[in-house]
Amino acid sequence: MTSLSISSITFSSKLSLIKPSSSSAFHGVRIAHVCPTARPSFSSLRGSYSSSSSVVMMAKREEELKEIRAKSTEELNEEIVDLKGELFMLRLQRSARNEFKSSEFRRMRKTIARMLTVKRERELEEGINKRLSRKLDRKWKKSIVPRPPPSLKKLQEEEAAAEAKESA
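Okay, so the sequence shown: first residue is 1 according to full-length UniProt numbering, each after it adds one.
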């Protein structure tokens, strides 16, 4: 069982509302576990929170970050453009009500965010401030040449191969 205790708030004057005094009696919410080994019953609904599964996830994430950091900035830019194209294709599939994996949205967005984070970390190492970074980012976005994403290229190649096979 968990016990919950809430302390009351006492203020001595209007001034303490603006700037909290150190003599305030408010200590927040305290939650004390009576039986620390017991788990709540709702944990089975959300899945197990065992430490072994979270360790595997962390290792996988760190491994992915190592792969991202191993790439050059130009490779990262190309990969970001490709992933954003793939994300656009997924949105088109969803709007056309075609079959797709909904988990791919989250995976791609997180991968793009990780790549952009690594890119920003490199900018910080070079001493590029936020304002200049945004200016460079706008310039980079304008320089992007629109091209089909890799999955669409692969689909077009497969269709071309099938047509060549039928004509031969």
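Where hints are given, some of them may not hold.
[Unchecked claim] Straight-line alpha carbon distances no greater than 25 Å define the calculated PhoX-like cross-link-like pairs of lysine-lysine that follow:
(1) K165 x K153
(2) K130 x K84
(3) K119 x K66
I should point out that these hints are in silico values taken from the structure, not numbers from a laboratory.
Fair warning: this is a prediction, and the values are worked out from it, not measured in the lab.
Hint by hint, work out which the structure violates, then give me just those numbers in ascending order. none
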